[in-house]
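Next come the chains, spelled out residue by residue.
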Amino acid sequence: MHDLLFILFSLLIVVFGVLVVAGKNPVNSAMFLVPLMICVGGLFVLLGAFFLAAIQILVYAGAVMVVFLFIIMLLDMDVEKGRRINSFAAVAGIGSSGATLGLLILALTRSDLGAAGGGESTLQGETIPLGKLLFTDYVLPFEILSVLLLVAMVGVILLSKKKLQ
Amino acid sequence: MDIGVEAYLLVSMLLFCIGMAGVLVRRNLLIIYMSLELMLNAANIALVALSRFNDNLNGQVMVFFIITVAAAEVAVGLALIVALYRRHKTAQVNELNSLKL
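In the order they appear, the protein sequences are chains A and B.
Residues 0 to 164 (numbering that gives the first Met the number 0) are what the first sequence spells out, left to right.
Residues 0 to 100 (numbering that gives the first Met the number 0) are what the second sequence spells out, left to right.
These are computed hints drawn from the structure, not numbers from a lab.
Ideal Cβ placement from N, Cα and C applies to all residues, glycine included.
Fair warning: there could be bad hints in the mix.
Distance windows between CB atoms, simulated [said to hold, decoys possible]:
id: 1; chain 1: A; residue 1: I93; chain 2: B; residue 2: L98; range: 24 to 32 Å
id: 2; chain 1: A; residue 1: L147; chain 2: B; residue 2: D54; range: 40 to 48 Å
id: 3; chain 1: B; residue 1: E94; chain 2: A; residue 2: T99; range: 23 to 31 Å
id: 4; chain 1: B; residue 1: L83; chain 2: A; residue 2: S110; range: 13 to 21 Å
id: 5; chain 1: B; residue 1: S97; chain 2: A; residue 2: V17; range: 28 to 36 Å
id: 6; chain 1: A; residue 1: M72; chain 2: B; residue 2: D54; range: 40 to 48 Å
id: 7; chain 1: B; residue 1: V68; chain 2: A; residue 2: F134; range: 42 to 50 Å
id: 8; chain 1: B; residue 1: H87; chain 2: A; residue 2: I93; range: 26 to 34 Å
id: 9; chain 1: B; residue 1: K99; chain 2: A; residue 2: L7; range: 30 to 38 Å
id: 10; chain 1: B; residue 1: T89; chain 2: A; residue 2: K161; range: 30 to 38 Å
id: 11; chain 1: B; residue 1: I65; chain 2: A; residue 2: D75; range: 44 to 52 Å
id: 12; chain 1: A; residue 1: D136; chain 2: B; residue 2: L98; range: 36 to 44 Å
id: 13; chain 1: A; residue 1: L7; chain 2: B; residue 2: E94; range: 20 to 28 Å
One chain only, chain B, in its complex shape:
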């Protein structure tokens, strides 16, 4: 058996869809945030696999940038969640409805 680029892309797609289901189904802000991380990791796997099978390092540089941006995003997002929790005392998205008419 020969592991080609398709196998890696399949793993990446599965992980992406698991993360997407988590974002759509769960109601806890922190778990939604972790599902977003899953989706970012799926994109990283796809980029590294395509970089490898195209003999080209550019995809790996892109993954490096994605990891850095994701770290910054986690810091800002969690600070926002903490600020939100202080104000509303909840982290469930269906209770955060103050923008609703």
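Chain A extracted, bound-state conformation:
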């Protein structure tokens, strides 16, 4: 069951990823990004990271995608048609990312994952242990992150003013 779900989610992730990248219209890409995020959340559940799966679906598939769709609708870009992709750029881009994939797979086959490779793990990323870790070992990054969110909020309000001085 676990294996079957893993294969299903992985296939869907790759297929939706290609569709996001290859979509002609930004709206189509955004609509394919939503199930992709949900499949990533499914992989998190298979890995026992339940809290992160919930956050992934709430923040990514919910909030981030709503903002994306809102901006796409706001800009209303239908000037995409008639523009062909530069074929040199396409070959170079796909070639270099394929080469990167080859290098990464080579590194994966050569590397010794050791104890990380085999053993059965029962680690559960539930809210309580994660929260304890977040408020003890990681309390300083957590506070810095809250300041970052505040800065982002102020920056967005400033950027969206009509007249930028």
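Fit chain B to the supplied structure of chain A, relying on the hints for placement.
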């Protein structure tokens, strides 16, 4: 068949390279931005998988931070794209060449 850490890392690498191809090939700013999100998600899968197979929650805390930073980044980036669109009336990167000599 036993699903090990390698399988998860392979999915993560595939997703990362798909996102990278999108960033390099596409000319629409919004699709480039979505491809960046794909790359961030690939990193998240790798971190959660390694966290699971090392019996260690630190990787999951890192993913939590990445998701938060990505949300802030999306807000700021999209505001920048809107400001750019207001000024230049385009979201194609090959038309945004006012810094070119």
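Q. In ascending order, which of the hints set out earlier in this document are inconsistent with the structure?
A. Going through the list in order, the structure violates hints 2, 4, 7, 9, 10, 11, 13 and respects the others.
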